[in-house]
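Engineer: Taken in sequence, the protein lines are chains Y and E.
Under the working numbering, the residue at position 11 of the first sequence is numbered 11, and the numbers go up by one with no gaps.
Under the working numbering, the residue at position 40 of the second sequence is numbered 40, and the numbers go up by one with no gaps.
Simulated from the structure, these hints should not be mistaken for laboratory data.
Owing to the predicted nature of the structure, the values given are computational and were not obtained by experimental measurement.
It is possible that some hints are incorrect.
[Said to hold, decoys possible] In silico PhoX-like cross-links for lysine-lysine, where the CA-CA straight-line distance does not exceed 25 Å:
1. Y:218 x E:187
2. E:91 x E:20
3. E:115 x Y:218
4. E:168 x Y:218
[As the list claims (entries may be wrong)] Computed from the model, here is a short list of chain Y residues facing chain E with C-beta under 8 Å:
5. 63
6. 206
7. 210
8. 211
9. 222
10. 243
11. 272
All C-beta atoms in this analysis are idealised placements derived from N, C-alpha and C, irrespective of residue type, glycine included.
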Amino acid sequence: MHEQPILCVRNLNKQFGGGCQDCRETSTRKLERNYCSTCGTVYACQDISLELFPGEILGIVGESGSGKSTMMQCLYFDEPVTSGDAYIHDVELEGQNVFNLSSQKKRYIRNHKYGMVYQNPVKGLKMNFSTMGNIAEKQIAAGNRNVTTMERTGSELLENVHIPLFRAKEEPRNFSGGMQQRVQIAKALSNNPPILFLDEVTTGLDLSVQANVLDLIKRIQRESGISMIVVSHDLAVIRMLADRTIVMLNGAIIEQGLTDQIMEDPQHAYTQRLVYSLL
Amino acid sequence: MALLEVKNFGKQFTIHHLGKTMQAVENIHFSLDKGEFIGIVGKSGSGKSTILKSIYRTYLPDTGNIVYDSNRFGKIDLAKVTEREMLYLRKHEIGYVSQFLNVMPRTTSRQLIEKALLEMEEPATIAKTEAEKALKHFELDRKLWDAYPNTFSGGEKLRLNIAIATVKKPRLLLLDEPTASLDQQSKVKVREIIEKLKADGTTLVGIFHDIEFMDGLCDKVYDMKSSPVPLQEEGVLCEG
Ligand SMILES: Nc1ncnc2c1ncn2[C@@H]1O[C@H](COP(=O)(O)OP(=O)(O)OP(=O)(O)O)[C@@H](O)[C@H]1O
Ligand SMILES: Nc1ncnc2c1ncn2[C@@H]1O[C@H](COP(=O)(O)OP(=O)(O)OP(=O)(O)O)[C@@H](O)[C@H]1O
Ligand SMILES: [Mg+2]
Ligand SMILES: [Mg+2]
Ligand SMILES: [Zn+2]
Chain Y
1 MHEQPILCVR
11 NLNKQFGGGC
21 QDCRETSTRK
31 LERNYCSTCG
41 TVYACQDISL
51 ELFPGEILGI
61 VGESGSGKST
71 MMQCLYFDEP
81 VTSGDAYIHD
91 VELEGQNVFN
101 LSSQKKRYIR
111 NHKYGMVYQN
121 PVKGLKMNFS
131 TMGNIAEKQI
141 AAGNRNVTTM
151 ERTGSELLEN
161 VHIPLFRAKE
171 EPRNFSGGMQ
181 QRVQIAKALS
191 NNPPILFLDE
201 VTTGLDLSVQ
211 ANVLDLIKRI
221 QRESGISMIV
231 VSHDLAVIRM
241 LADRTIVMLN
251 GAIIEQGLTD
261 QIMEDPQHAY
271 TQRLVYSLL
Chain E
1 MALLEVKNFG
11 KQFTIHHLGK
21 TMQAVENIHF
31 SLDKGEFIGI
41 VGKSGSGKST
51 ILKSIYRTYL
61 PDTGNIVYDS
71 NRFGKIDLAK
81 VTEREMLYLR
91 KHEIGYVSQF
101 LNVMPRTTSR
111 QLIEKALLEM
121 EEPATIAKTE
131 AEKALKHFEL
141 DRKLWDAYPN
151 TFSGGEKLRL
161 NIAIATVKKP
171 RLLLLDEPTA
181 SLDQQSKVKV
191 REIIEKLKAD
201 GTTLVGIFHD
211 IEFMDGLCDK
221 VYDMKSSPVP
231 LQEEGVLCEG
């Protein structure tokens, strides 16, 4: 099956700190988890390679500190990578390592190709803008100028995520956590992106609200065929959403497979502890 | 020509925190032609489910080959296909039914069947009518169509399960104890369903602890005893 991934990441590395004699050499470095105890450098992402295919939900699971958010922030250009390549399958961008593009081109990709839902809504929303204003901001960034169509799409999106329209003028800081996540999702979708990143969208929400947000994500994927990378430390979330799953530990990928295989026949010792709830 | 050929198949499990490795099955050989029905028999723990789950890639196969003659890809080894290829086959060619209903929460019977069809890129209108046909065909009470299956009886769940797996008309259907824990009447119903599937040309691999019940339907029986006995002293590891 010769299928083109819509996003292809090769050997993404991200370190915080300059490294030292003890840790610069990948093959000989000795780390405490992801951290060099000599110089304090954190190797947050180590040689991450992955492919995201059209219309799929790819799950990323791993414990706190395993580098999931750092990876997402690198992909979304919030953080520069230390090294590595990423390719987006798209006529305009074919064959170009997007990590090396100018900041203007990166902004273009964020505005037109990507949507992001952050672990913390404060990062994804302007809390002192109205809800509709938050969505309009992203629409304008994506080149929309027609106020009437922007409002129409904005209302549709809010309806879609079950935010009552009479609250569209309110600032999201008045909203519950679940509502804020749903506004983030509406905002992320407002430029109609082919690729959506979701970082712990349900963490910290009540179970019933969680279910609500998960159903919403599933429905969006079914109806719009957007490709998504979903990060969570919660296996139940991954089990419900993802067809394929990657397991991360200390900044590296240790295992990947079909989600049901990861759950029922985990290979790596860490994945087994995770799945059998021995952690 | 063989639709499925399992050759020298073996599967080990390593449980790291116990520091143990066990051979669940070894030297499994069988093959079946298009439209045939093979029943797998053997005592509890002999590895029957392991074989089925490995064909479906819920377990990662480790030795041997599982050669499947696919519509889309031609002859391929299911032990080695990529994840994406396996997902394609699950959507379009290979179905799996276990005695347990393993479905998304908060999704009605009707939605579950429609979803299976939508995954195959059937238009929504066709999915709707086909789903209703399937619900009728498997004699699911109308009041259950828009209900959540977690409250269904064992027999109802199973019929829904089979409906979900078969609306897509899989070429190969894997059945893991579909009659276990059913009353006689429901069992008869399931047998009728299997009979119909077979008449439609579906190739079937099934596990039945009461294989006599499938008398006259099964073309072949594979007895787990015909393979070397798994290492029993370690085999108790995961039971209980
Ligand atoms: N700006 C930074 N400076 C130094 N270290 C950082 C920085 N950002 C992240 N790290 C470190 O990188 C590692 C990975 O962090 P990251 O936030 O990616 O983990 P995560 O997998 O998302 O965890 P969680 O599940 O808790 O959200 C951690 O050890 C963290 O302390
Ligand atoms: N996911 C797994 N991890 C570890 N061991 C497993 C796993 N699945 C099965 N086993 C072991 O493999 C052996 C075969 O199990 P399997 O479920 O295939 O037997 P079975 O023939 O289907 O039995 P039953 O008739 O009771 O369903 C058993 O010893 C079992 O404990
Ligand atoms: Mg994080
Ligand atoms: Mg079994
Ligand atoms: Zn160092």
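Engineer: Does each hint fit the structure? Answer for all of them.
Structural biologist: Each hint, compared with the structure:
For the given pair, residue 218 of chain Y sits about 35 Å from residue 187 of chain E by alpha-carbon distance, which is inconsistent with the 25 Å threshold. Distance hint between residue 91 of chain E and residue 20 of chain E is unfulfilled; the C-alpha atoms sit about 35 Å from each other, more than 25 Å. For the suggested pair residue 115 of chain E and residue 218 of chain Y, the alpha carbons sit about 11 Å apart, so the restraint of at most 25 Å is met. For a cut-off of 25 Å, the pair hint linking residue 168 of chain E to residue 218 of chain Y stands: about 21 Å separates their Cα positions.
About 16 Å separates the beta-carbon of residue 63 of chain Y from the nearest beta-carbon of chain E, more than 8 Å, and the hint is not met. Contact between residue 206 of chain Y and chain E, as hinted, is not supported at the beta carbon level, the nearest pair being about 15 Å apart and thus beyond 8 Å. Here the hint on residue 210 of chain Y is broken, as its CB sits about 11 Å from the closest CB of chain E, past 8 Å. A hinted interface residue such as residue 211 of chain Y counts as satisfied when its beta carbon comes closer than 8 Å to some beta carbon of chain E; here the least separation is about 6 Å, so the hint holds.
Of the supplied interface hints, the one on residue 222 of chain Y holds, with its beta-carbon coming within about 7 Å of a beta-carbon of chain E, less than 8 Å. The beta carbon of residue 243 of chain Y is positioned within 8 Å of a beta carbon in chain E (closest approach about 6 Å), and the interface hint is therefore held. A hinted interface residue such as residue 272 of chain Y counts as satisfied when its beta carbon comes closer than 8 Å to some beta carbon of chain E; here the least separation is about 6 Å, so the hint holds.
Violated hints, listed in ascending order, are 1, 2, 5, 6 and 7; each of the other numbered hints is respected by the structure.
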